[in-house]
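Student: Input sequences plus hints: build the corresponding full structure.
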Amino acid sequence: GAVVSQHPSWVICKSGTSVKIECRSLDFQATTMFWYRQFPKQSLMLMATSNEGSKATYEQGVEKDKFLINHASLTLSTLTVTSAHPEDSSFYICSASPGIYRNTIYFGEGSWLTVV
Amino acid sequence: QKEVEQDPGPLSVPEGAIVSLNCTYSNSAFQYFMWYRQYSRKGPELLMYTYSSGNKEDGRFTAQVDKSSKYISLFIRDSQPSDSATYLCAMNSGNTPLVFGKGTRLSVIA
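So the sequence lines, in the order shown, correspond to chains A and B.
Residue numbers for the first sequence follow our numbering, beginning at 714 and rising by one.
Residue numbers for the second sequence follow our numbering, beginning at 9 and rising by one.
Think of the hints as simulated: they come from the structure by calculation, not from any bench.
Fair warning: there could be bad hints in the mix.
[Stated by the list, open to error] Computed beta-carbon distance windows for the label pairs:
#1 GLN742/A - SER77/B: 15 to 25 Å
#2 ASN783/A - PRO105/B: 26 to 36 Å
#3 SER48/B - GLU800/A: 42 to 52 Å
[What the hints assert, rightly or not] List of simulated lysine to aspartate or glutamate pairs, EDC-like, C-alpha gap at most 16 Å:
#4 LYS50/B - GLU822/A
#5 LYS779/A - GLU822/A
#6 LYS754/A - GLU23/B
[What the hints assert, rightly or not] A short list of chain A residues far from chain B (calculated; beta carbon distances all over 12 Å):
#7 ILE725
#8 ASN783
#9 SER786
Just so it is clear, CB atoms sit at the ideal spot from N, CA and C, and this is done for glycine as well.
Tutor: Structural data, given as structure tokens:
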């Protein structure tokens, strides 16, 4: 099946610093990429949708200035958590879709962020 | 009523059992239905993808969609300990974000 790679898998950072997470589609061009956040034993919470070459669409309640998303190419999207705080510690997962329709979505392996 | 309802479990079954996982939904516009498997601390893995009503089989897994009842199921035959994971249903109407169930935690005991 399609492969979506996410990096890093684990990251620990100090409070106040910024962290960048990369999401790559390895064997298809991803017109649309999604970023999710997941708390322990809870379902996925969609944070934002990004389309290649345009600004990301953020879900209600997600701070766009804190969670910067860039989708500069058809195979790469990045999520930057700016001025991270301990409450930003979470499991962040990206997903990618090969078409303009938001189905047949493949997920990355996820990135565990711990802010200390 | 939530858009997608899924029993969170946990569901514990003996090895070899047939497992039935279910979701109900309220939005009649949903046409695309997916089941994902998520192991602890990993990203979800697409298991089954179904369009509209009907059945789809892949190895030990069978997905069923009943749009008239707004009910979808995933059956796992001859369950194995390696099937122990959280199973998430997801669905959308095509050009809208996926809506996920909360996931059902399954444990298959050897």
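Student: Does each hint fit the structure? Answer for all of them.
Tutor: Results for each hint:
A hinted range of 15 to 25 Å for the beta carbons of GLN742/A and SER77/B is inconsistent with their spacing of about 37 Å. The hinted window of 26 to 36 Å between ASN783/A and PRO105/B is violated, with their beta carbons roughly 19 Å apart. Checking the proposed 42 to 52 Å range against SER48/B and GLU800/A shows it is violated: the Cβ atoms sit about 22 Å from each other. Simply put, LYS50/B and GLU822/A have alpha-carbon atoms about 5 Å apart, close enough for the 16 Å limit, and the pair holds.
Proposed proximity of LYS779/A and GLU822/A is contradicted: the alpha carbons are some 22 Å apart, above 16 Å. Pair hint LYS754/A plus GLU23/B does not hold up; C-alpha atoms about 24 Å apart against a cutoff of 16 Å. The beta carbon of ILE725/A sits about 15 Å from the closest Cβ of chain B, which is more than 12 Å, so the claim that it is off the interface holds. The claim that ASN783/A is not at the interface with chain B holds, since no C-beta of that chain comes within 12 Å of its own (minimum 19 Å).
The beta carbon of SER786/A is kept farther than 12 Å from every beta carbon of chain B, the shortest such distance being approximately 21 Å.
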